[in-house]
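Modelling step: build the complete structure from the supplied sequences, incorporating the hints.
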Amino acid sequence: MELDAVLLARIQFAFTITFHIIFPSFTIGLAAFIATLLVRWRITRQEHLHRLARFWTKIFAVSFAMGVVSGVVMSYEFGTNWSHFSVVVGNVIAPLIGYEVLTAFFLEATFLGIMLFGWSRVSPNLHVLSAVLVAIGTSLSAFWILAANSWMQTPAGHEIRDGIAYPVDWIAIIFNPTFPYLFAHMFTACYLTTSLVVLAVGARYLVAGRFLEEGSTMLRMGLGMVAILTPLQMYIGDASGINAEKHQPEKIAAVEAHWDGNKPGDLVLFAIPNEEEERNDFEISIPNGASWIITHSADGLFPGLKDFARDDRPPVVPVFFAFRIMVGMGILMLIAGWVGAWLWFRGLLLTTKWYLEIAQYVWPIGFIAILAGWYVTEIGRQPWLAYGILRTADAASPVAPAAVLTTLVLFVLVYTCIFAMGIYYINRLIEYGPKGAAAATPQALPSRPLAVASDAAHEAMKEK
Amino acid sequence: MDPIALWLPIVWAAIIGTAVALYVVLDGFDLGLGILFPFEPSESRRDVMMNSVAPFWDGNETWLVLGGGGLFVAFPLAYSVIMPGLYLPLIIMLLGLVFRGVAFEFRWAAKPKHELWDIAFAGGSIVAAFMQGVVLGGFLQGIEVQNNAFAGGALDWFAPFPLFTGVAMLAGYALLASTWLVMKTEGPMAEQARSWAKWLLIVVLVIMVIISLWTPLAFERIAERWFSWPNILYLSPLPLLTAVVAFLCWYGLRTGREAMPFFSAVGLFLLGFFGLVISNVPYLVPPSITVWEAAAVPESQIFTLVGVLIMLPIILGYTAFVYWTFRGKVREGEGYH
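Going down the list, the protein sequences come from chains A and B. Each position in the first sequence, counted from 1, maps to that position plus 2 in this note's numbering. Each position in the second sequence, counted from 1, maps to that position plus 68 in this note's numbering.
Just so you know, the hints here were simulated from the structure itself, not pulled from any lab data. Careful: at least some of the hints might be erroneous.
[Stated by the list, open to error] Covered stretches of chain A (in silico footprint by chain B; criterion: 3 or more residues with CB under 8 Å from a CB of chain B, positions within the stretch not fixed):
(1) 160-172
(2) 418-425
[Unchecked claim] Covered, in the sense of this in silico footprint (three residues per stretch, anywhere, with C-beta under 8 Å from a C-beta of chain A), are these stretches of chain B:
(3) 143-150
(4) 171-183
We treat Cβ as the ideally placed atom computed from N, Cα and C, and that holds for glycine.
Structure (structure tokens):
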């Protein structure tokens with residue numbers, strides 16, 4: 003069998019970014035959560051907030067390390083695997099990445115040192131400030147990388163000469179038509195993801211009857227965010243879809259599995275899109291539903307897949323299913339958030355056992371939704387890498403397929419091992435929980451924070 | 069050539085050169101700790117070694133991203149040739165960095181069953197350092213280019229010179245790390261590090277001499293750069309200065325100085341780096357693409373340059389602040405109970 007270098011490079015990129023995106027989408031929210039805990043602690047002086055901040059900082063350190071090492075890989079893959087991409091759009095995209103390094107990476111990486119090891123080395127206020135700076139750094143990083151990605155969705159502010167993109171207006175490049183929607187959607191998604199994890203861990207402690215004070219704080223903070231952000235996120239998602247319809251109609255046609263643009267679109271709840279015969283098999287749908295959502299009119303027309311040449315259509319099946327998975331996760335979030343909020347309103351939140359039992363398992367929902375949503379965005383942009391400018395098939399590096407295959411296998415082996423161990427250690431940290439008096443002098447000099455955790459874990463084992 | 073088109077690429081080359089030099093020095097000593105790991109069987113001393121860089125390694129590694137990212141920003145053509153040209157060593161280096169980066173966290177979490185992460189830390193550091201040397205050697209030996217794209221083979225780097233520079237990098241980083249330990253630790257650990265450093269200094273000096281002879285013999289452009297008149301006159305202070313700095317390092321190690329060996333080892337690295345820059349100016353992809361040919365359009369270079377000029381001093385400022393915060397000796401048994 004002949005190896006297809008482009009396909010291998012795509013699989014490799016998809017794999018490495020899927021692994022990578024899990025960690026920033028968690029740490030962006032977590033950094034903000036820890037900073038919030040510390041600021042609240044400085045104001046109210048409630049010691050359990052400080053214990054919570056220390057506890058989550060340990061988990062943050064493990065997640066952040068995995069995000070950093072997989073992120074460094076990403077920053078090189080543009081060149082190693084997609085060198086033609088860097089030639090064609092490098093003038094536009096690269097400065098955005100450059101600003102990410104300058105304004106975000108150094109900030110978060112450097113102040114992370116103080117955040118992790120500075121508990122007793124610097125004044126509490128400076129320590130809190132470091133946590134805030136790390137949170138700002140992670141957010142700025144999201145800002146720039148999403149500016150770059152949204153430009154690939156809807157390039158603007160540039161001109162093409164001899165097949166190469168040149169920048170004309172940087173404001174138009176950064177704030178391209180997709181950017182505000184993508185940024186708001188992703189940012190909210192990160193906060194939701196972290197909130198769901200916090201909510202689940204809080205519920206887990208309450209069910210187990212451990213750390214009741216910390217557990218109920220986590221439950222309330224996580225739940226409050228989920229209850230408020232989920233409907234907001236649905237609104238942003240809807241607006242984002244309507245915006246994509248204007249600029250990338252083939253993506254929306256694939257999302258809705260809408261083939262014939264001459265008819266109003268049905269809201270397809272389930273189907274198996276048949277790309278060969280250009281129709282849906284086993285379709286269950288609400289008549290005219292998609293037209294109503296996208297055009298706000300039951301008879302509104304929007305382009306169908308048949309309006310685009312086969313070569314210009316994105317792969318329909320993955321986009322269609324990924325979108326439905328994302329929406330399904332959103333509905334679960336809404337239920338978890340609003341049922342919890344109702345119980346809270348009735349004063350029953352901490353005592354309703356069935357809710358807590360279920361709530362401790364909501365932690366993966368946000369991650370699944372983010373990955374599914376990211377697949378919709380990225381696969382929906384195909385066959386383009388930079389929409390209308392460069393096709394994915396034309397962007398790959400002149401590297402031997404065997405070399406790409408070798409590294410792909412290595413990535414899969416290494417990442418699987420690292421991921422499994424990382425999850426195992428994070429679970430162990432959660433199992434051990436936010437113990438220890440906050441006021442006691444913590445380690446005088448840095449070990450990594452897990453040093454404390456591991457010793458604590460040994461104690462915990464002895465207890466058993 | 070108009071002055072902007074002339075100077076912008078030079079400024080950018082200087083920025084990237086600075087980032088790479090800072091990376092090599094800063095991540096050099098923390099990668100070097102991993103290289104020294106197999107020679108230090110004691111668990112508590114291994115803990116000290118890792119603790120001495122724990123607050124810094126992440127920031128140190130960011131310079132690698134700035135170096136790579138800066139190349140992407142300012143010289144997309146060079147980026148698009150070098151990255152595929154050195155594909156395997158680069159990816160394997162990154163995987164090495166993955167292992168040793170997570171080892172900083174996982175090793176503590178796994179205790180007392182942390183042997184696996186000791187191996188990951190040492191193995192990852194050794195692989196990453198060796199491959200960085202291979203990348204350097206592959207870059208110096210030249211990358212085959214046709215029509216502004218990489219046109220060589222996947223294993224071009226598997227040649228005597230890049231493999232030798234790989235070994236050179238291992239020795240160099242180990243020297244940086246051992247002098248770092250002389251400065252940051254005390255007692256038996258520091259004594260051990262001092263004796264490592266003496267041997268490593270000799271090895272590194274021998275390697276520097278070999279590379280200084282090998283490169284002009286193998287690459288005519290480098291011989292011409294150094295040995296043609298009057299270059300030889302202008303450039304002669306560089307080897308002399310290197311000899312002086314090497315002596316200071318040795319002297320510091322012999323006389324029990326704590327900081328002098330480290331800073332002179334850094335000096336050796338910077339002089340070696342400077343020498344390689346002189347050998348290759350003005351090529352960004354030796355021996356075919358110059359900084360001007362590889363440059364991005366001025367609009368892109370200027371836009372990011374503004375950010376660099378504002379942010380770089382701030383970055384250097386808070387980096388220094390963090391090093392200052394965690395100044396002083398790291399002691400055994402400190403940092404965990």
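Going down the list of hints, with the structure as the test:
Here's how the stretch 160-172 of chain A fares: 4 of its residues keep a CB closer than 8 Å to some CB of chain B, so the rule of at least three is met and the hint holds. Counting residues of the stretch 418-425 of chain A whose beta carbon lies closer than 8 Å to any beta carbon of chain B gives 3, which meets the minimum of three for the stated coverage. For the stretch 143-150 of chain B, the assignment as covered by chain A holds, since 6 residues bring a beta-carbon within under 8 Å of that chain's beta-carbons and 3 suffice. As drawn, the stretch 171-183 of chain B meets chain A at 9 residues by the rule of a beta-carbon pair under 8 Å; at three or more, the given contact holds.
When held up to the earlier numbered hints, the structure conflicts with none and fits them all.
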